[in-house]
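Could you put together the complete structure from these sequences and hints?
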Amino acid sequence: MDNTVSPNSNPVGHLLEADELFCHQIMDSFACVGTTDRDWTEKVCAMAMARDGSLQLGFGLGKYPNRNVMDCYAGISRGKEQITVRASRQLSPKPNLTAIGPIRYEVVEPLNKVRFILEPNEVQPIAFDCLFEGRVPARFEDRSHIRQGYRVMTELVRYHQTGVASGWIEVEGIRSEITPENWVSTRDHSWECATAWGDHRAHWNLPTMAQVRVMSFSGARATWSVPTAVTMPCSSTSAG
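Count along the sequence shown from 1, then add 8; that gives the number in my numbering.
In case anyone wonders, no lab produced these hints; they're calculated from the structure.
Some clues are possibly wrong.
Beta-carbon label-pair distances, calculated as ranges [as the list claims (entries may be wrong)]:
no., residue 1, residue 2, range
1, 168, 116, 12 to 20 Å
2, 203, 87, 35 to 43 Å
3, 20, 196, 27 to 35 Å
4, 130, 32, 36 to 44 Å
5, 19, 150, 21 to 29 Å
6, 194, 35, 35 to 43 Å
7, 33, 196, 18 to 26 Å
8, 86, 33, 42 to 50 Å
9, 114, 30, 33 to 41 Å
10, 35, 180, 50 to 58 Å
11, 32, 88, 42 to 50 Å
12, 148, 185, 32 to 40 Å
13, 162, 22, 22 to 30 Å
Derived DSS-like pairs (lysine-lysine); straight-line CA-CA distance at most 30 Å [what the hints assert, rightly or not]:
no., residue 1, residue 2
14, 102, 51
15, 51, 88
16, 121, 71
17, 88, 102
18, 102, 71
19, 51, 71
20, 51, 121
Quick reminder that beta carbons are idealized off the backbone N, C-alpha and C, glycines included.
Right, dumping it as structure tokens:
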């Protein structure tokens, strides 16, 4: 439902649930960011691994408000094999929904507990439900400010946190328990304007239905159709 009420002479962004909160920092709704730069990006990246090195999971999600795109990946490493599911969707009309198909990110307790989920799917024989719990406070790294000539190329802030994980992980029908005693985990959260991301010549106009393509190191391929997804060929040499 579109609850926007804006005079045409002075438009305001779409009204979202987040606009009920007392956290505004610009004269607009939470549907907008404080810059028109197409490179504005917000991302989370996480991993969890068994202490014996037998299994590792990776997770990442990115939001690109000025490109109207959200994308994500969820993968598992086992020995020398990596299996990954990737997805992308049109950001509107739910810009704050951190989910695409079977991949989901949830904040359980701010700055302490977050959840990474890959539901069972038809793309690859992997799934997990992992709860990260911090063991040390989240901490900012040094702020990045990179100039090239007269232009600011990158402005970035990112915080990191180390902790443990709990939940379960499944590969080819074999489910293993994730316990804090046997698994460690790290995560980060960043927001930035950086020219390194995406094709600056492209304007994504996503279809309402497309296929997500995935590839594991073994070379196996699968396709998966999801609403508001874009076709994405995946490299077999990159996890991120």
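Right, here's what the structure says about each hint:
no., hint, in the structure
1, 168 <-> 116: 12 to 20 Å, "holds (18 Å)"
2, 203 <-> 87: 35 to 43 Å, "holds (37 Å)"
3, 20 <-> 196: 27 to 35 Å, "holds (32 Å)"
4, 130 <-> 32: 36 to 44 Å, "holds (41 Å)"
5, 19 <-> 150: 21 to 29 Å, "violated (37 Å)"
6, 194 <-> 35: 35 to 43 Å, "holds (36 Å)"
7, 33 <-> 196: 18 to 26 Å, "holds (22 Å)"
8, 86 <-> 33: 42 to 50 Å, "holds (43 Å)"
9, 114 <-> 30: 33 to 41 Å, "violated (22 Å)"
10, 35 <-> 180: 50 to 58 Å, "holds (52 Å)"
11, 32 <-> 88: 42 to 50 Å, "holds (49 Å)"
12, 148 <-> 185: 32 to 40 Å, "holds (33 Å)"
13, 162 <-> 22: 22 to 30 Å, "holds (29 Å)"
14, 102 <-> 51, "holds (17 Å)"
15, 51 <-> 88, "holds (27 Å)"
16, 121 <-> 71, "holds (20 Å)"
17, 88 <-> 102, "violated (37 Å)"
18, 102 <-> 71, "holds (11 Å)"
19, 51 <-> 71, "holds (6 Å)"
20, 51 <-> 121, "holds (17 Å)"
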